[in-house]
Amino acid sequence: MSEEKRPRILIVDDEEAILETMTFTFMDLYEVLTTSNPTSALQIMEENDPVAVVITDQRMPGMTGTELLSQGYARFPETVRIILTGFADSDATIKAINDGHIYGYVNKPWEPDELKAIVRRAAELHALSVENRGLLEDLRDSNLFLEAVMDRLRTGAIALGRDGVVRAVNKPAMAFIGLQEDIRGRRIDEILGRDYLQELGARVSALAEESGGSFEEVDIGDGAGHRVRVSSQALAGVAGETMGRVILFKEISHEPLARDLETIVGRISETPSGEVGVLRKALETGLGELATLAAQVSDVGVESANMSELGERVSRTQTAIGNWLDIEDALAGDDFPDAQLLRDRLNVAAQRWPRSEGLPDGVIALSRAVEDYYESGENTRQRIL
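If you read the sequence shown in this note's numbering, its first letter stands for residue 36, the second for the next number, and so on.
Wrong hints could be hidden among the right ones.
[What the hints assert, rightly or not] No farther apart than 20 Å at their CA atoms in a straight line, the calculated lysine to any residue pairs in the SDA-like style are these: (1) Lys285 with Lys316; (2) Lys285 with Ala152; (3) Lys40 with Thr69; (4) Lys285 with Ala192; (5) Lys40 with Met62; (6) Lys285 with Ala340; (7) Lys40 with Ala152; (8) Lys316 with Ala340; (9) Lys206 with Lys40.
Hints listed in this document are in silico derivations from the structure and should not be mistaken for laboratory results.
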């Protein structure tokens, strides 16, 4: 066993001869700490943490072994405790077991091989306890990371055990179905049995009978205006055994409004550029429609990533159209508008326009006019849109 990996043990006894004997017995396998003063033992344990095993005599001046182990357990619960006594004291034995949570009770005089075996098993128990604690901490950290990732998803998820009890739930699912309290440990049919969730509960039950791959669209009747697409998927273990299922919720309240946005943008994009003023009229009409759409997005009362993104897309589209109209007004109304500012506003508008495949033809013509003015310094003051 390498020096740095040797378990550390503490021996507490008011007899120096026993401390020397113990040190000689265990020095090849352990890092041995000793003290003849039981009142200093806890400080030694704190300064040398972790101590795998503490071995203490029962009858000592100032503090009994029982008292020491009881205090040691409160501060260092993973340290394994062994008590030595040369007296037939059944009360002390019982108290040590109950208060000190001792692992072993050894009578003086002891058999060296027997004591070595007890200490070896105690050190192994300590190593196992430390390993288990580390595994639990890793599992807790992993769960925290998993929860953080799950909470950032746009899809709501509720994981159920085979018994229909909720094992995990992410924040989007809680928001979509209007829940505030922690529902883990409760049956899903109880949760979805609430008045405003009964239709959802019926759809979830129906989906559970299917093999997967299908979905249902449900309006959540809590007054929030939510509409969700719900599906149910089986959860399988490593060997393919059924562990439960996961209910997935996708918020789709935004979809009708998103289609309205696409209609507005599509109509503008398809406006012919042959006659001056046609595209401008389409842009002005679209700007008014976008203002109405923005109000609808705000008033619908649905807080979701999809709805927030839709609101942002509407706002960006308004910025693009507003910039194009302002740029044409500047070119037509001023002999020498700020050419660099016009170029900058064109760039902003191009970045804000929601269609990546290209700009309306009239806007491309407007961009050429700005570039010509930037290069030549001559402004024809003609309308283009």
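Each hint tested on the structure:
For the proposed pair Lys285 and Lys316, the alpha carbon gap of about 37 Å is over 20 Å, so the pair is violated. Taking the CA atoms of Lys285 and Ala152, the gap is about 60 Å. The hint is violated against a cut of 20 Å. Between Lys40 and Thr69 the CA atoms are separated by roughly 19 Å; this keeps the pair inside 20 Å, and the hint holds. A threshold of 20 Å between alpha carbons decides the hint, and for Lys285 with Ala192 the separation of about 9 Å falls inside it, so the pair holds.
Taking the CA atoms of Lys40 and Met62, the gap is about 13 Å. The hint holds against a cut of 20 Å. Distance hint between Lys285 and Ala340 is fulfilled; the C-alpha atoms sit about 11 Å from each other, no more than 20 Å. Only pairs whose Cα atoms come within 20 Å are accepted, and Lys40 paired with Ala152 is accepted, the gap being roughly 19 Å. Proposed proximity of Lys316 and Ala340 is contradicted: the alpha carbons are some 33 Å apart, above 20 Å.
Restraint check for Lys206 and Lys40: the C-alpha separation of about 44 Å exceeds 20 Å, so the hint is violated.
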